[in-house]
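Enquirer: Given the structure of chain B, go ahead and fit chain R onto it with the hints provided.
There are 2 protein chains.
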Amino acid sequence: MLPANRHRQLITTDPVIYGRHFDDPVPPRAVGAKLLKRNLSDLAAMGARPTAAVISLALDPRVSTRWLEQFYRGLAAAARRFSVPIVGGDVAQGDGFLGAFLTLCGEARGPRVLLRAGAHAGDWIYVTGTLGGSLLGHHWRFIPRLAEGEWLTRRREVRAMMDLSDGLAKDLPALTPAGAAPAIDGDAVPVSAAARTQARRSGRTPLSHALEDGEDYELVFVVAARADRAGFERAWRRKFSPTRLSCIGRFVPAGKRSPEAVDLAKYGGYEHLRQIAARDGI
Amino acid sequence: MLPANRHRQLITTDPVIYGRHFDDPVPPRAVGAKLLKRNLSDLAAMGARPTAAVISLALDPRVSTRWLEQFYRGLAAAARRFSVPIVGGDVAQGDGFLGAFLTLCGEARGPRVLLRAGAHAGDWIYVTGTLGGSLLGHHWRFIPRLAEGEWLTRRREVRAMMDLSDGLAKDLPALTPAGAAPAIDGDAVPVSAAARTQARRSGRTPLSHALEDGEDYELVFVVAARADRAGFERAWRRKFSPTRLSCIGRFVPAGKRSPEAVDLAKYGGYEHLRQIAARDGI
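Residue numbers (our numbering), protein chains in the order written: chain B, 461 to 742; chain R, 461 to 742.
Hint data in this document are derived by calculation from the structure and do not stem from the laboratory.
Where is the CB? At the ideal position from N, CA and C, for every residue including glycine.
Please note that the accuracy of each hint is not assured.
Unchecked claim - Here chain B is said to cover these stretches of chain R; the calculated rule only asks that three of the stretch's residues, wherever they fall, bring their Cβ under 8 angstroms from a Cβ of chain B: (1) 510–517; (2) 539–549; (3) 647–656; (4) 711–720.
Bound-form chain B, shown alone (with noise of 0.2 angstroms):
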């Protein structure tokens, strides 16, 4: 049971799901930490705290209770440090199946929610943070953004927010207004060091880890075409230096993109449901 409350209520659901979101070479605990703060992630995204989460499993028979005790560490020690109270939850059977679906509930403080729509051609893109390096270890080592979604949320030159879970590439249509598309500078796309290693095993170039591998958990927001950059800038750092922020270029016109932006046409992204449209033949 929780208490009234007058702010306005958010509530966001995200799995983990074996092979999927983790798989083997994943400690439990950071499975079990994970599920918890990519939920956050999206609470952060739309500037909002935490209030309460339920958890619901369903658990392959051959789980080891190890590992679950372990899961449930990590989860609780998550639940500790984000101040989040796990007020509930459910345990099913999933034969040949372990996945952990939690649902988040939050509560805006600030004046406003920033959601996907409220960008308008001209305005700026911004990331905090740098992309790519999920597959080595990012996917569940991150930390959910959450005092930085929520400072991004007071400052009104903010139009338009999300958190990067399927990878830039894919994410950003959803912040692009009607009549327009992005223009992205590549050589201004914060590419994290990871993604350069993991691209010289893959063959892949950096930027294609960082506009396609999805799950960075970082914040994309967009910034009013006549702001004052700079103040805005200097206001982010004196608050969240050491955390990187970056114009990776603006929405124009569709129709009228520079031809030296990417193409993210070219870049795919992690599309849910991909493999079942393939087979089905959609």
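Expert: Chain R only, in chain B's frame:
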């Protein structure tokens, strides 16, 4: 985004998993409706009304588009019927697995929330409806007792309540106060017609179906020892006739159960993880 709320907030989560909570004979529309209804039954047991739901799906790639469409239609129809906005969700691939995980938020409109704790030795045990019909289809045809639950919360003589999901034999210990034991009159247990039909097929007794099979989604609640039970039952009949209401026994001091009372320890109930425990030799 949900508005601020002046009532106490509740939250519950329950899944439907292929092979556990439904199988091929259950129409996909009924599966979608069941997912919402079993969560509504949890709220009903606290006397709360639903406010919003989120859903998270794990889909085997072989699930047909038609199955999924029918599932959603059933869920949407139930959401309209019970006035539950479905405000978000997630879809992930689940190889060899089909499960839907719903989290339901609710609010308590009345002066209190009924919990499982609150019974005393001497109190009376009541159940709504009839029990034991789940295997013949009640497990997805049931109607959650929302109006009944809210009404019972406003009756001062009712001290504790829960819904029957695992079977009376398994669920009743959660209502039983320390130092007490339930003394159940087997003849007073409202065995459903379906349980009698099922018993002819299974070779088990109708009572064992009523106590053990689970998924009744009826309310079991506790009325104070000194309450005006006749008055209470008249008020119920005025409001909820023709829904059956049965006083099936009372809580007695532990060790004082009369020999005629049902020995619930001889009856099992749906045991989450029973198969896991059996395989692991726990």
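Enquirer: Would you mind marking each hint as holding or not holding in the structure?
Expert: Hint-by-hint comparison with the structure:
1. 510–517: That given contact holds, which follows from 4 residues of the region 510–517 of chain R lying within Cβ reach (below 8 angstroms) of chain B.
2. 539–549: Per the Cβ count (3), the hint holds.
3. 647–656: violated (count 0)
4. 711–720: Violated: only 0 residues of the region 711–720 of chain R have a Cβ under 8 angstroms from chain B.
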